[in-house]
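Quick mapping for you: the protein sequence lines, in order, are chains A and B. Position 221 of the first sequence, counting from 1, maps to 221 under this note's numbering, and the rest follow consecutively. Position 373 of the second sequence, counting from 1, maps to 373 under this note's numbering, and the rest follow consecutively.
Everything hinted at is true.
In silico EDC-like links for lysine to aspartate or glutamate, alpha-carbon gap of 16 Å or less:
(1) Lys270(B) / Asp149(B)
(2) Lys121(B) / Glu164(A)
(3) Lys95(B) / Glu119(A)
(4) Lys95(A) / Asp117(B)
(5) Lys65(B) / Glu54(A)
(6) Lys270(A) / Asp149(A)
(7) Lys91(A) / Asp108(B)
Sample of chain A residues facing chain B (criterion: CB under 7 Å; computed from the structure):
(8) Ile45
(9) Arg46
(10) Glu84
(11) Leu114
If you're looking for bench data, these hints aren't it; they were derived computationally from the structure. Cβ coordinates follow ideal geometry from the N, Cα and C atoms, glycine included.
2 protein chains.
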Amino acid sequence: MPNSEPVSNNLGITPRAENYSDWYNELVLRAGLADYSAVRGCMVIRPHGYALWELMQRALDDMFKATGHQNAYFPLFIPKSFLEREAEHVKGFAKECAVVTHHRLMADPDGTGLMVDPESKLEEELIIRPTSETIIWNSYTKWIQSYRDLPVLINQWVNVVRWEMRTRLFLRTAEFLWQEGHTAHATYDEAEQEALTILEVYRRFAEEWMAVPVLTGLKSEVEKFAGADHTYCIEALTQDLRAIQAGTSHHLGQNFAKAFGTQFQSQEGKLEYVYATSWGVSTRLVGTVIMAHSDDKGLVVPPRLAPVQVVIVPMGRDEETRSRTIEAADRLAADLRTQGWDGSPMRVHVDKRDKESPGFKFNDWELKGACLRVELGPRDLEAGTCVIARRDTGDKTTEPLAPGLPAKLASLLGEIQDGLLRRATEMRETNTRRVDTWAEFEELFSGEKAPGLVVAHWDGTSETENEIAERTRATIRCIPLKGLQPEDDQPGKCVLSGKPSQRRVVFAKAY
Amino acid sequence: MPNSEPVSNNLGITPRAENYSDWYNELVLRAGLADYSAVRGCMVIRPHGYALWELMQRALDDMFKATGHQNAYFPLFIPKSFLEREAEHVKGFAKECAVVTHHRLMADPDGTGLMVDPESKLEEELIIRPTSETIIWNSYTKWIQSYRDLPVLINQWVNVVRWEMRTRLFLRTAEFLWQEGHTAHATYDEAEQEALTILEVYRRFAEEWMAVPVLTGLKSEVEKFAGADHTYCIEALTQDLRAIQAGTSHHLGQNFAKAFGTQFQSQEGKLEYVYATSWGVSTRLVGTVIMAHSDDKGLVVPPRLAPVQVVIVPMGRDEETRSRTIEAADRLAADLRTQGWDGSPMRVHVDKRDKESPGFKFNDWELKGACLRVELGPRDLEAGTCVIARRDTGDKTTEPLAPGLPAKLASLLGEIQDGLLRRATEMRETNTRRVDTWAEFEELFSGEKAPGLVVAHWDGTSETENEIAERTRATIRCIPLKGLQPEDDQPGKCVLSGKPSQRRVVFAKAY
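Model the full assembly from the supplied sequences, consistent with the hints where possible.
What follows is the structure, encoded as structure tokens:
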């Protein structure tokens, strides 16, 4: 029997109210989602955490393919000279590059160890991709000759490296996993349409799968992607009331086409530069979904992304009763897989460990975020019932072990999925404030704790944005495509400068 | 409409008989499977090639999960000191390591470019993983304390880098994609069972999915994995009669557990070292399947791995007839997807390009390896028929456009899948020879061309193996678990030394 999930340390985790940051780290470690590694800033994604990521990948990949995209794979290495070609792009990434300089080790003449073989120095250093625009556009330049070669709609699922100094499991790591889409179009408008199509895919995924409501909007000039014409984003709010950027979709204009000489013959026979987009979401989404719903007992995840949707715990004091409850549990598990939920076989686990008590198991699966727990004891069997406990609300009910049970459990999963989104949406509404005076703004951002989303007028200049950030550590998370309330789209006066503002934007302290 | 597959250059490719190596490279490039990149030895896997790899991944991943394995992700970087810990392991990989030495770029004071910031030198160099035993066993040492934590059955799908000097698209590249399984067990026998379970998964995958017959056997001491106790492998034969190692499964003994101090408390309370396996297949499988079945017209792939199983080419000289054949084509495509084959919706493409002639399209899809082509012209529509062409045999038949058509096409896909395996098996049988004299052995390996598989006696020593390799470039591909013929398992005399041999082994020139 496989047992890749070592028994978790079930001593409880720090409550959120005591120390949110400790709560998060302990939850991730103890629930077996991830672990620190021996390499600074790099994490190990453990099977339980990776299962969550795989479910995210599958759903997103289906959505990308349904919108006409194909997967491919481009090299890990980027020649240093490629990074240099797009001036803004390189500024954004040069300070956090892992650089490969040699290609061989040799025995250290002074001892028994190894040293870098100086003879193996590369003529040109290679950068581990922090993002792949440059290496990809080098290929696109070869592939695109005519309007008939357009659009190119390619995505890749890969690892990237950004040498971050302050790292956090899932949320910010030196190496992370992501998908990056890179598309090429004949016109500005087509690229704009693509960037917005993907933004909508991301919004739907966040809300319908992660049960996390997100704002969709534009990034300011200060916050946009290095090398983009403009950047769209989805932004979520965590339980400690910080904003978290969950995905970005960039209109790159002709910047990379010009840097790499990517021209095509138009239908009219003219030579023109190609328009581009790029877009990505990463394993940061795993951190986002953990933070969004979990509680002091451990992980809470929406059923559509839960590695274990239903855990069945068969009980019994002796071999004989245990074998009967295990048999009933296996039968129920088979029924649930057949019945399915949300178009897939239900993800069910029967916990047959014989060294652990039921109480230990209940805590363990609360820690690991099984959405529903079915308790099956000898007395339940006799009475023809079982006890069902919901992970999100903690509610327990007794249900008959009858043919209708799978449908009942399926319907509960649906309720949990909807309930989590509702709760997160209410939380966001409660913590969104419209602020019109600098005094109030400064006061809100003055404490240790973050104040949630602050919707305020801004004069549109980077100077003001930077000054606000310096004075309060608040940043503009996005300029919403559409205000949360109609009044947000009305003009007003900047909360700091008093100058005219076209519309309200969203400020927050961010991860 | 997506068009990530630029129109292929349809000038024909070099025939196999003329130059097999050129044939392969041109096929890979022109069919849009892969491309060279700007980085030495690294390839771009284009959407058509990546689709093939995704289908392989899906099938293998399902098989791994069905045998109790879970996926995870470990860091790309390996500290240099980790590599040093297992003496044999480091010997095998030190000479082909990409080494990260710095983590920042800065403006070059002498110009406008970038240079490595000398201040950012790492205290310890990081190696891009050539394989992940060392970084993974560092984690396992933390995770495994007791027999209850065993077995650990983990796999990861990742990129790895081995700085190869002579590279070949898909078959040998500096960076490649693979899966690597890493398992931990309480006993030698359990690890042995695991290594053999995976060998059988690989064999089944090669034969049932790739339609490539493989030998299963042990590697010799010379050829085994650096750090393994012993290595099992699957070996295939290409059309140019070279052997190709398609997958390996290693019993690592306690070598890595001892190097990393991975001990567990046994059921009897004793502290013992853990036993390990590791196993992997890579994007080399894509090259293997391309080589196995393709012909001078282009790609031939078995239907279970074909990105496009059926291409429908609607024809017509004018808008009006074209719109009628396109409509019929779309209807048929929808039927085929509903009918499915092999448990999945059929992978169907309707080629609606209006700038290309039918003849161009026929060639193009032969190049790209669609298993079946359905031709739908106005006269076919009137007659209520269509023409079906098989990619493997070139056979063309006329079939009624009737409700039975999807079942007919599904049955043809089954025939193609079986037929390719049969043909490849016959090819291998024809090119397998039993040789008993050194004169004959040397003669067979003396030409430019490879002679296929040569089954001969060997005295079991590395000296003889090395001498044979030096004199003929023939290597021992495997010591079969079970002879191809009963006589292969009988004792005899070494083909070179004349010393006693326990059984025949398989020699070949290898990729």
